[in-house]
Amino acid sequence: MSLLRRQSRLRLALFWSLFACAAAATATAVWILQASVRAGLEEEQRRVLTQETERALARVRDYAEAARRSTVAELGGFHADGLGRALRRWDEANTVVVGTFEWDAARGFLPASMLTAAGGTASELPALWETFAAWRREHPSAGQCDLAAAGPWRVAHLRTRDNPALPEAGLRYQAENLDVLAYAGRPVDPWAGWAARGDDPDAPWVIWYRAGPDAPVRGCLVDVQPLLAGLVTELPGTGLVAISLRPRGPGADAAGVAPLPGFPAMELVVAPGPVLSGRHARTQLSLLVVALLAGVFVLGAGWLAIYSRREAREAERKTTFVSQVSHELRTPLTSIRMFADMLAAPHLPEEKRQKFAGTISRESRRLGGLIERLLAFNALERGKPAGPLAPVDVAALAAETLDEIGAALAECGMRLERELPPDALLVTTDHDAVKQALINLLDNAAKYARDGGVVRVALRAQAARVILSVSDRGPGIPRAQRARVFEPFAQGGAGALTDQAAGLGLGLSIARGLLRRAGGDLVLAHGDSGAVFEIHLPITPPS
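Position one of the sequence shown corresponds to residue 25 (this note's numbering), numbered consecutively onward.
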């Protein structure tokens, strides 16, 4: 391999190594950017969901607390005299209250219909009050109850006396009722509470009030559905998030999902809204565009490098072509001119005159052959259509060509072996194209395989095609050049076939091009020694 070609390959390998590193670095940078931005978006989304969830929970907590305290204020504000009638009138006038009652250990529920209206709920309420009463006896000075759950119930208790959250003015008759209770010598300890089931979103709240440990419990049932409907209007979406309520199920306490304060069987769902989702989608689209642009940049750079390399090779090939053509045309022209001048010399012996004339004739034929090859190659490059296709007897064509070129091969010291069938083998092809291809193969054998001394031509039918093979016993074709043997001007460096004989490197390219235009093909086959080329032609089907 020449120093120039070695340096060219080294520069090419260095370029592609740098390009591969640059492409890998670009892909890595884009991937890191995309991962970083995606992580930032996800973190921002979690932060927004957390903030909006906390704000919504605070609003729900205030809403539920206000509803419970206002109901407790109503219960505690009724006068003890005529309490039953007042509770019924309140029940009839209030659409949220779906039942009122009184209860004590001796009389049970009043009215008795409350047992039917409240269903299983009514049977569980005395146990809730007794649980609180037991805690109160153990903590007589406590102002806040720590009991929070009893079975499926979620419970809250609060003291109504001297409680800033329940002003005395809002409790109306509580002070008078407590005075009456104290005057009768009974203990005074006003507490209220509420309870809600955590396993049934349709179960009503139970809200109660009791002036003292042995005083009757007054209470009501509150329908939670109107409260939830009102709550939904209090929680409008901000655009960043979409807020909804649903019965509590698996997945509560996950990101964007939290138990609803005051409504233990419900949960709050905060999902990304159109603004947050749109921002996320736009960012993802921008990242996709960046990735696509980076990919286009890398692919474009690779394509440009390949195109530049191809253009450089094309320019090098054209330069080589001009140099080779100039050399190949100059050599016979120089010989013709020199021997023509010598023929013009006076008193030239007849023997030399004939010798010089023969040389001029031989160099003229060589020059004509070069020109014919150039014209054939130019016709192939311009896509000139093939000649007329007609049935051709390949056996007769091969015998005719071998008879014509046999003498020339013998002059080169080559022995011609032929294996042609006696019967005709008809193919539909271009007669001149097949003949020219066979001549080119035999000419190459004479140039490059002369030391082998033998060139063999064989014809056989195989399946639906005819194979005309030309093999020699020369040095063969190096493995590194087999892939480029049919390229025009494919002349290698040290050890290449074209280093051994003059030529343009067009013979095989022209032969394959002519055959393919005529419906056939030329292939390089594997042989034990030397080079083996095969001409493939389709057999003409019988009419």
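It is worth saying that the hints were derived from the structure and are not from the lab.
A quick note: this is a predicted structure, and the numbers were derived from the prediction, not measured.
The beta-carbon is built from N, C-alpha and C at its ideal position, and this holds for glycine as well.
There's no promise every hint is true.
[Said to hold, decoys possible] Distance ranges between label pairs, derived from CB positions:
no., residue 1, residue 2, range
1, Asp224, Ala305, 49 to 57 Å
2, Thr257, Thr74, 17 to 25 Å
3, Leu42, Asp417, 53 to 61 Å
[To be verified] Calculated cross-link-like contacts (lysine to aspartate or glutamate; reagent style EDC-like; alpha-carbon spacing at most 20 Å):
no., residue 1, residue 2
4, Lys471, Glu387
5, Lys459, Glu441
6, Lys376, Asp427
Hint-by-hint comparison with the structure:
no.	hint	result
1	Asp224 with Ala305: 49 to 57 Å	violated, 40 Å
2	Thr257 with Thr74: 17 to 25 Å	holds, 24 Å
3	Leu42 with Asp417: 53 to 61 Å	holds, 59 Å
4	Lys471 with Glu387	holds, 16 Å
5	Lys459 with Glu441	holds, 18 Å
6	Lys376 with Asp427	violated, 30 Å
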